[in-house]
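Asker: Each chain, letter by letter, is given below.
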Amino acid sequence: MDSMTLIAIASIVTAGLTIALGSIGPALGEGRAVATALSSLAQQPDAATTITRTLFVGLAMIESIAIYCFVVSMILIFANPFWNHVIAGAAGK
Amino acid sequence: MHLSPDDIIFWQHGSLKLNATIAFTWGLMFVLAVGSKLVTRKLSTDLQRSRWQNLLEIVVTSINEQIAEVGLRPAEKYLGFLGTLFLFVATASLFTIVPGYEPPTGSLSTTAALAICVFVAVPLFGVEDRGLGGYLRAYLKPTFIMLPFNIISELSRTLALAVRLFGNMMSGTMILAILLTITPFIFPIAMSALGLLTGMVQAYIFFVLATVYIAAATRTRKPEPEAKAERKPEAPAGPKPEGKIAPKPED
Chain A
112 MDSMTLIAIA
122 SIVTAGLTIA
132 LGSIGPALGE
142 GRAVATALSS
152 LAQQPDAATT
162 ITRTLFVGLA
172 MIESIAIYCF
182 VVSMILIFAN
192 PFWNHVIAGA
202 AGK
Chain B
889 MHLSPDDIIF
899 WQHGSLKLNA
909 TIAFTWGLMF
919 VLAVGSKLVT
929 RKLSTDLQRS
939 RWQNLLEIVV
949 TSINEQIAEV
959 GLRPAEKYLG
969 FLGTLFLFVA
979 TASLFTIVPG
989 YEPPTGSLST
999 TAALAICVFV
1009 AVPLFGVEDR
1019 GLGGYLRAYL
1029 KPTFIMLPFN
1039 IISELSRTLA
1049 LAVRLFGNMM
1059 SGTMILAILL
1069 TITPFIFPIA
1079 MSALGLLTGM
1089 VQAYIFFVLA
1099 TVYIAAATRT
1109 RKPEPEAKAE
1119 RKPEAPAGPK
1129 PEGKIAPKPE
1139 D
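Those protein sequence lines, which keep their order, are chains A and B.
Its first residue numbered 112, the first sequence is counted upward by one per residue in my numbering.
Its first residue numbered 889, the second sequence is counted upward by one per residue in my numbering.
Just so you know, the hints here were simulated from the structure itself, not pulled from any lab data.
Covered, in the sense of this in silico footprint (three residues per stretch, anywhere, with C-beta under 8 Å from a C-beta of chain A), are these stretches of chain B:
no., segment
1, 1053-1059
2, 1092-1105
Taking CB as the label site, the calculated pair distances span:
no., chain 1, residue 1, chain 2, residue 2, range
3, A, Thr161, B, Ser903, 47 to 53 Å
4, A, Ala199, B, Ala1026, 44 to 50 Å
5, A, Ile198, B, Val1008, 36 to 42 Å
6, B, Phe1032, A, Ile198, 47 to 53 Å
7, B, Arg1107, A, Ser114, 53 to 59 Å
8, A, Ala190, B, Ile1077, 25 to 31 Å
9, A, Ile186, B, Ile1039, 25 to 31 Å
10, A, His196, B, Leu906, 25 to 31 Å
11, B, Leu1082, A, Ala190, 21 to 27 Å
12, A, Arg143, B, Pro987, 36 to 42 Å
13, B, Ile1033, A, Ala190, 36 to 42 Å
14, A, Ile186, B, Arg937, 47 to 53 Å
Partial pick of chain B residues on the chain A-facing surface, computed with a CB cut under 8 Å:
no., residue
15, Leu891
16, Ala1048
17, Val1089
Even glycine gets a Cβ: it sits at the ideal position worked out from N, Cα and C.
Excised from the complex, chain A in its bound form (with noise of 0.2 Å):
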């Protein structure tokens, strides 16, 4: 198996591993997150508007881990060096 091969396996296999590992994390915070804010809805209404705020605030936090995932998965498909650099090399050739 040459390397231009195996690059090409790494990258989508990891692209693949990085957005569906990494999706897990950040959805289970964000389920507990938003549990705990509705039940402080339900004791608090009154304070509906600054719970609501946090809450989104929170929950963007939360997403960015899962974005950043997805722009790792993102680079290796569209922008990879290494995959660029070996097609160099080979139309080179």
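Since chain A is already given, all that's left is putting chain B on it; use the hints.
Answerer: Chain B alone, transformed into the frame defined by chain A:
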């Protein structure tokens, strides 16, 4: 399949490129600036006002309230910078309605520039409020062992701001592009609506995070005797209104 509007190049001369990111950014700036100028030509303070003036007033006062609610006072001082951040990111996402438009915040260059603006603004406002010594002393705050961690957290949250906004905008446009090739038209419209919603939420998040960082850098505590002196002039005024209110129900 392009990752960002940087790949669409309108004009090139040597190493100078006019790509879609720059064109759309300047288009947004033009719309925001010229639109506001046209609306504020004839401002009225009585009950009759144009609906555009009403809209702008709602937007500006809401942003002002949000800044004050997060704890940054006086809010007007920071309204220019923080309001511009929010309005730019929000309109960049809102104009996805226009066909052929791609949000410039879907390019890492734009979001990195915005994050660097916040990174520079936080020490500027901090030094302006607390003085250079006071601001630098804040880095040693819990203990001086925390100094490298404070510096690292400062850099990493700037990076997080840039990548968060970039990732959200880029994923929205990319999912839309992928869906357009494989599904009937109704699904891309639903995804476009979802993209609009996340764009608005991300604009608000960027704005709130910038506000929180500036508030953390400029937080000044009121000294104790000043707080007590403020309470004393209020006390004699207390019993008077009560004395006036009491006889009225007897009428």
